[in-house]
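Based on the provided sequences and hints, a complete structural model is requested.
Each chain, written out:
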Amino acid sequence: MTSGEFEGWSTLDKRTLAVTAVMMTGAAVGAAIPTTAAIVGGGARFWVALAWVVAGGLVLVAGGVLADLFYWKGVRYRLTPERLETAFTLVFRSRKSLQRERIRNVDLTANPLHRLFGVAVVTIGTGSHESGGQGRIKLNPVSRAEAERLRAELLRRAESVEIDEDAPLAELDRSWIRYAPMSFLTPALGLAAGGGLMQVSEWAGLRKGLIDWAIGLFRGIPLVVAILILLAIAMVVGLIGALGLWVEMWWNYRLDREAGGTLRVRRGLFTTRSISIEERRMRGIDLVEPLGNRISGAARVDAIATGMRQSDDKDKTDYHTLLPAAPVATANRVAAAVLREPVSPTEAVRLTGHPRAARGRLLRWWIGSVVVLLAIFALLGFLLTDVLLVIGAALGVVLLPASVLLALDAYRNLGHGITGRYLVGRHGTVRRSTFALERDGVIGWTVKQSIFQRRKGLLTVEATTAAGAGAYSVYDAGEEQGLLFAEESVPELLTPFLDRA
Amino acid sequence: MRSHCKRSSGVDSVEAERGKVRLRPPRNALDQRVVGWWRLQGTLFWGAPVLVLVVLGLLIAPARFWLLTPAVVFAVAGLAWVIAMPPWWFKVHRWEVTETAVYARSGFFWQEWRVAPMSRIQTVDTLRGPLQQVFKLATVTVTTASARGAVKIRGLDHELAASLAEQLTETTQATPGDAT
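First to last, the sequence lines map onto chains E and R.
Residue numbers for the first sequence follow my numbering, beginning at 1 and rising by one.
Residue numbers for the second sequence follow my numbering, beginning at 502 and rising by one.
Simulated from the structure, these hints should not be mistaken for lab results.
Treat the hints with care, as some may be off.
No farther apart than 30 Å at their CA atoms in a straight line, the calculated lysine-lysine pairs in the BS3-like style are these [said to hold, decoys possible]:
| hint | chain 1 | residue 1 | chain 2 | residue 2 |
| --- | --- | --- | --- | --- |
| 1 | R | Lys592 | R | Lys653 |
| 2 | E | Lys73 | E | Lys14 |
| 3 | R | Lys637 | R | Lys653 |
| 4 | E | Lys448 | R | Lys521 |
| 5 | R | Lys521 | R | Lys653 |
| 6 | E | Lys96 | E | Lys14 |
| 7 | E | Lys448 | R | Lys653 |
| 8 | R | Lys521 | R | Lys592 |
| 9 | R | Lys592 | E | Lys448 |
No experiment lies behind these values; they were computed from the predicted model shown.
Right, dumping it as structure tokens:
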């Protein structure tokens with residue numbers, strides 16, 4: 001590569017080599033222990049095994065660092081007044097450039113290794129819908145200071161960028177951790193841990209021993225009690241997991257408004273993240289209350305914004321969460337502050353309920369799904385073993401009343417309304433969602449009606465938008481009610497297609 | 502205006518909930534040839550399993566009854582489907598383009614009315630599948646900036662579809678803004 005061609009271009013941070021070296025060493029050590037054990041187990045002498053493994057590990061580390069060196073040498077980037085460009089030169093040459101005015105988000109991520117070496121990964125996106133990372137550039141990694149500089153430069157729209165350090169819109173309250181275990185994550189993590197243990201023990205060839213040991217431990221205890229004890233252990237493990245995950249994700253959380261017109265979320269204990277959303281891209285908020293959180297009076301706030309990076313397959317982080325589960329009053333305050341409204345539209349709105357027919361629909365749906373489940377148990381019970389009949393009966397006693405309660409709750413939660421610049425809709429029981437969508441942000445309507453809905457005079461109205469999930473629905477509204485709501489929230493759009501008898 | 506919809510008023514009967522405001526059907530029907538296209542699709546859809554069952558039934562003598570019975574059931578159901586459904590769909594599927602919006606109705610068991618305002622249209626595509634080409638038909642897809650807001654009109658005469666796409670593209674290009 002000629003130096004003339006890349007005059008004025010920057011390279012990535014050289015400390016990436018150190019990061020890679022440490023990471024590969026970690027991987028090599030991790031792989032070495034079971035490998036050595038396997039070789040020794042195979043009959044070889046310990047020193048011979050160690051020599052092979054160490055040599056292999058060295059090759060692995062050296063190879064990784066060498067590959068990273070080539071990558072580091074190949075990547076160049078440049079920030080011009082109009083665009084951000086990257087070039088990759090290694091056998092192939094490729095170039096990618098983003099128009100600066102189309103850049104919508106600049107996110108910073110640093111895992112513990114990155115932080116140790118003072119570097120960060122910067123992801124710059126235009127937020128276009130196309131997949132395959134076409135509208136995205138990832139600089140992996142640059143120095144911490146350079147990352148901050150890029151972020152400030154790229155998101156600067158106004159002349160002055162003074163970071164408004166003194167007044168965050170929200171800051172972490174450590175007591176919010178009490179909402180973390182109230183989620184389906186807890187049992188899921190517990191069961192996953194149990195499954196993981198079985199898997200690992202199988203790899204190590206100890207599975208039978210583990211099971212025998214457990215059976216021996218529970219000798220003399222009835223099977224039901226043993227199962228309950230195991231479930232309790234799984235729940236405790238899940239609880240610890242959920243708390244740990246919450247701490248890792250939300251430690252040092254703070255939400256700021258910056259003078260450049262961006263909202264910025266910063267959070268993370270080991271891996272730190274900084275996520276920026278341009279304010280003029282905001283089209284509303286979604287107040288999400290999973291059942292566990294709703295019972296304990298908590299809610300989460302998600303942004304509805306255009307050009308948001310969707311959480312991609314590799315990274316499960318929710319990029320649109322503005323506030324983790326917090327007391328509802330806090331959630332409403334943050335929602336109002338984010339939207340620059342005196343009161344959050346989700347609080348200001350008077351929600352209109354939906355016709356009784358919707359309740360019948362929800363009851364039929366919920367009870368119907370339980371009946372189908374019970375029918376499966378009954379059928380299998382008659383065909384195979386009576387135990388299933390007992391389990392099915394027990395489930396029925398619990399699930400049937402629960403489904404009625406959930407259906408009634410779901411009906412009570414249905415509602416819609418208009419307040420100021422926003423249209424608001426609410427639905428759901430296991431996960432109640434109250435969205436407030438800017439009326440100007442609605443770019444079309446979809447009205448849906450199944451034959452069952454038609455018989456009951458109900459329909460579902462879906463406001464399509466460029467932001468967030470792409471469409472927000474008001475479920476099971478009355479025919480006239482739903483259509484008039486759509487007409488009133490976005491005047492003119494639906495009017496020419498309405499028939500008034 | 503909507504006070505009667507409030508839960509507290511206890512309005513229960515379906516008739517009272519059915520108001521006077523309805524979505525009117527879009528003005529234009531699809532091309533008449535679409536019925537033939539749907540019939541061919543239905544024939545292929547139902548015909549494939551029938552054919553497989555009949556062939557197996559002829560080859561495997563012991564299971565003949567158990568193979569040919571479902572074949573007959575499928576054939577009868579498929580025939581009824583192919584005869585009855587397409588004309589019905591033809592009545593439901595309609596479309597319209599006004600100066601301000603594109604409006605289409607589709608579906609039968611799950612009916613859908615979609616409206617996309619002219620000012621928010623981003624792209625207009627036409628598509629002709631192999632079966633559609635036989636019938637000289639085309640599908641027009643009108644997309645907006647919403648990932649879930651596309652309006653599809655399936656089964657227009659292919660020349661009409663092309664001119665419609667052209668006309669829509671011109672109209673939307675004249676509209677400023679990034680349509681979000």
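**Study point:** 30 Å limit on alpha-carbon distance, applied to hinted pair Lys592 (chain R) and Lys653 (chain R)
**Key:** The hint holds at about 16 Å.
Check your understanding: For the pair supplied as a hint, Lys521 (chain R) and Lys592 (chain R), is the alpha-carbon distance within the 30 Å limit?
Key -> 22 Å, holds
Exercise for review: Mind checking the alpha carbons of Lys96 (chain E) and Lys14 (chain E) for me, to see if they're no more than 30 Å apart?
Suggested key: 21 Å, holds
Review point. For the pair supplied as a hint, Lys637 (chain R) and Lys653 (chain R), is the alpha-carbon distance within the 30 Å limit?
Key: Holds, because 17 Å separates the two Cα atoms, which is no more than 30 Å.
Check your understanding: Is Lys592 (chain R) within 30 Å of Lys448 (chain E), Cα to Cα?
Key -> Holds, at about 17 Å.
Review point. Given the proposed pairing of Lys448 (chain E) with Lys521 (chain R), does the C-alpha separation stay at or below 30 Å?
Key: Holds. Lys448 (chain E) to Lys521 (chain R) sits at ~18 Å (cutoff 30 Å).
Review point. Within a Cα-Cα threshold of 30 Å, do Lys521 (chain R) and Lys653 (chain R) meet the stated pairing?
Key: It holds: about 28 Å lies between the C-alpha atoms, which stays within 30 Å.
**Study point:** Restraint status (C-alpha distance of Lys73 (chain E) to Lys14 (chain E) at most 30 Å)
**Key:** 9 Å, holds
**Study point:** Lys448 (chain E) paired with Lys653 (chain R) [C-alpha distance capped at 30 Å]
**Key:** The given pair, whose Cα atoms are some 15 Å apart, holds under the 30 Å limit.
Violation of the numbered hints given earlier is absent; every hint is satisfied by the structure.
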